[in-house]
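Undergrad: Listed below, chain by chain, are the residues.
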Amino acid sequence: MKNNRFIVLAGLLAIVAVVYYFATNVDQVDEEDAKMKVAFVYLTNPGDHGWTYAHEVGRLQVQEHFGDKVETSYVENVPEGPDATRVIRELAQNGNDMIFTTSFGYMEPTLKVAKEFPNIKFDHITGYMRAENMATGNIRFYEGRYVQGVVAGLTTKSNKIGYVAAFPIPEVIQGINSFAQGLKSVNKDATISVVWANTWYDPVKEGDAAKVLIAEGADVLAQHTDSPSMLQTAEKAGVHGFGQSSDMHEFAPSAQLFASVNNWGPYYIAQIEKAMDGSWTTGEGPDHWAGNTWKGLSDDFLVLSDFKNMPSSVAKAAQDARDGIADGSINIFSGPMMDNEGNQILASGEVLDDAGLWAMNYYVDGVIGKIPN
Amino acid sequence: MIDALILTILMTSVPLILAATGELVVERSGVLNLGLEGMMLMGAVSAFALTYTSGSLLVGLLAGVISGCLTAAIFGFFVLGLATNQVATGLALTIFGTGLSGLIGSDFVGKAVTGLPILFPESFSNIPFIGVFFALDIIAYLSVLIVFIVWIFLFKTKYGLILRASGISHTSSHSLGYKVLTVRWCAVLFGGMMAGLAGAYLPLMLTPHWSEGMTSGRGWIALALVVFASWMPSRIIYGAVLFGAITIMQLAGQARGWTIPPQFLSSLPYIATIFVLVLISSRGSAKYLAPSDLTRPFIASK
Chain A
1 MKNNRFIVLA GLLAIVAVVY YFATNVDQVD EEDAKMKVAF VYLTNPGDHG
51 WTYAHEVGRL QVQEHFGDKV ETSYVENVPE GPDATRVIRE LAQNGNDMIF
101 TTSFGYMEPT LKVAKEFPNI KFDHITGYMR AENMATGNIR FYEGRYVQGV
151 VAGLTTKSNK IGYVAAFPIP EVIQGINSFA QGLKSVNKDA TISVVWANTW
201 YDPVKEGDAA KVLIAEGADV LAQHTDSPSM LQTAEKAGVH GFGQSSDMHE
251 FAPSAQLFAS VNNWGPYYIA QIEKAMDGSW TTGEGPDHWA GNTWKGLSDD
301 FLVLSDFKNM PSSVAKAAQD ARDGIADGSI NIFSGPMMDN EGNQILASGE
351 VLDDAGLWAM NYYVDGVIGK IPN
Chain B
1001 MIDALILTIL MTSVPLILAA TGELVVERSG VLNLGLEGMM LMGAVSAFAL
1051 TYTSGSLLVG LLAGVISGCL TAAIFGFFVL GLATNQVATG LALTIFGTGL
1101 SGLIGSDFVG KAVTGLPILF PESFSNIPFI GVFFALDIIA YLSVLIVFIV
1151 WIFLFKTKYG LILRASGISH TSSHSLGYKV LTVRWCAVLF GGMMAGLAGA
1201 YLPLMLTPHW SEGMTSGRGW IALALVVFAS WMPSRIIYGA VLFGAITIMQ
1251 LAGQARGWTI PPQFLSSLPY IATIFVLVLI SSRGSAKYLA PSDLTRPFIA
1301 SK
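Listed in order, the protein sequences are those of chains A and B.
Just so we're aligned, residue 1 is where the first sequence starts under the numbering used here, counting upward by one.
Just so we're aligned, residue 1001 is where the second sequence starts under the numbering used here, counting upward by one.
These aren't lab readings, by the way, just hints derived from the structure by calculation.
Beta carbons: idealized from backbone N, C-alpha and C, even for Gly.
Possibly wrong hints are sitting among the right ones.
[Claimed, not checked] Stretch-level coverage of chain A by chain B, calculated; a stretch enters the list once three of its residues show a Cβ under 8 angstroms from a Cβ in chain B:
#, region
1, 116-128
2, 177-185
3, 208-218
4, 222-234
[What the hints assert, rightly or not] A few chain A positions that, by computed beta-carbon distances, are all more than 12 angstroms from chain B:
#, residue
5, Q63
6, E76
7, N77
8, E171
9, K308
10, M310
11, A315
12, I330
13, P336
14, D339
Work out the full structure: start from the sequences and follow the hints.
TA: Here it is as structure tokens:
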């Protein structure tokens, strides 16, 4: 028996060694002081689509923009929580000058490590906590949803829109409401049914949610979850939908109308440039969720993929809506605005400010149902 | 509308039926394999990779079955060959399968395949009331057939009796001259094949693409399902359809604006399993209880 135990132990050690090797497989580089070292922490494997892929595209843009002046690396598959603290600390110890942590759940781990390494600049994506050396960056994702709403309103025949959502947090609710505002601007009869998947990522469940919505009569689907399975389901059922975070038209060539694409490159490049010339700060202003950099269509932080599978008149309406948001002539949340229980949120002439956006806990008129607690 | 919902429920149940039936046979032989999730993921990634590269769904399905079987063989090597703790080894297998499938599949993220075809002509599915039962793919029908065959095997054949005996008392079975380890090896490998097939169903039918960790806990639901079925094959079908219906109805309920919290509905399969456990243990009927040598390693020399 002792021998057996030894074999098991040796086997387990071998497995641990292999796993550890792959888990911490950061590109090793020689110490070179002239280069600025920038590291990225990713939630998943970047793959070819979705949230992390969009960050990877941004990192590649950084590398191309700065060439030899910047050395970038990334760690993928970092779970949110204590593991993230360990990974971020390791990156800090390895001589990185700047670390971008690219998921909401890295907020507290980033803050913790930021306090331990006051000379390193940290940049957290989509959070609201800041420190002397920790900035935050975010995209006005909801702006793209308004354009989706416009296209959906002009495309739907059943006047039923399905929306697969992840978790009832302000960012997602902003998206639903913004979509509804766009929808109502072109089609007063259409309504939105929301299904909460209670996950950011479960391809089968997202597909099931899409099937259910189609069975309930929806003929245009939107999503705020990460996998392409909703679009695949739409493709199979012959209805339309919108891609998430990155262009997903390869999964659904005849179903995807367009995708709102997160374009992190300009933000990363701007932040690194500021760090180089010494103008990097963690900003001031009201300490609400928006963080200190929150930009959208007008700054190309959010770009829309090509409009496809729609008549040119609809594509033009979409382009007009996009341009209107970008130049400020369309204000998505402006009065009069009612919630879906008939209470007035904004009187005529009023507009919602950023604090109001982050405090959204209601559906606007046009969305069916109640937000789960 | 109702038809489409029922069809979705049936399709959601298929991987649960396959994985749970395999695990039921494994547990009936006295081995608990908690590595279902890992084996399913290995089956899923192999099936997708081979379908994508070869262009043949049959090759993909076979790859899924074989890789599930090979993953189970690793488990068998530890728990049967080295008599390690089954719970720990099974958990390790899940972690191992999740990681390795992600590594193998990283080149296949973002690719898509055409899913399995519907077996019967489309006109069949327009038959009122029962049409929906003709709108499924071959694996769905196969899964029900497998449950039936497993039932015949376990309860109507001599080999089934030997398998059950090694789960109830391996020492008695051994002293009668049966090869307990061989029986358990066969059961573990069969369980792996079923899990591999269940995994293959996800990227070939439910969502025709591969993504890391795409089983998202379905292996654990299948494990709960075996307990829910109180180790009786036929009940796996009811249980799987019930679990599938709960999953789909909580989504449909939301789309219709019902106010039941979806989190509560998501936890229903587990609550139902605990409820069944309480029920069978309070009735005290040995027939519906776990095989008594479940998780006990067998060492012939002792």
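Undergrad: Please go over all the hints and tell whether each is borne out by the structure.
TA: Hint check:
1. For the region 116-128 of chain A, the assignment as covered by chain B is violated, since 0 residues bring a beta-carbon within under 8 angstroms of that chain's beta-carbons and 3 are needed.
2. Counting residues of the region 177-185 of chain A whose beta carbon lies closer than 8 angstroms to any beta carbon of chain B gives 0, which falls short of the minimum of three for the stated coverage.
3. By the rule of at least three residues with a Cβ nearer than 8 angstroms to a Cβ of chain B, the coverage given for the region 208-218 of chain A holds, with 10 such residues.
4. Only when three residues or more bring their CB closer than 8 angstroms to a CB of chain B does the claim for the region 222-234 of chain A stand; here the count is 5, and the claim holds.
5. Remark: the non-interface label on Q63/A is consistent with the geometry, its nearest Cβ contact in chain B lying 20 angstroms away (cut-off 12 angstroms).
6. Distance to chain B contradicts E76/A as a non-interface residue, since its nearest Cβ pair spans about 9 angstroms, not more than 12 angstroms.
7. Distance check for N77/A against chain B: the nearest CB is about 7 angstroms away, which does not clear 12 angstroms, and the non-interface claim fails.
8. No Cβ of chain B approaches the Cβ of E171/A within 12 angstroms, the least distance being about 19 angstroms, so the stated non-interface status holds.
9. With a least beta-carbon separation of about 17 angstroms from chain B, K308/A lies farther than 12 angstroms from that chain, consistent with its non-interface assignment.
10. Against chain B, the non-interface label of M310/A holds: every CB pair exceeds 12 angstroms, the least being about 22 angstroms.
11. Under the 12 angstroms C-beta cut-off, the non-interface status given to A315/A relative to chain B holds; the minimum distance is some 25 angstroms.
12. Every beta carbon of chain B lies more than 12 angstroms from that of I330/A, the smallest distance being close to 29 angstroms; the non-interface claim holds.
13. Remark: the non-interface label on P336/A is consistent with the geometry, its nearest Cβ contact in chain B lying 24 angstroms away (cut-off 12 angstroms).
14. With a least beta-carbon separation of about 15 angstroms from chain B, D339/A lies farther than 12 angstroms from that chain, consistent with its non-interface assignment.
Comparing the model with each earlier hint shows violations of hints 1, 2, 6 and 7; every other hint is respected.
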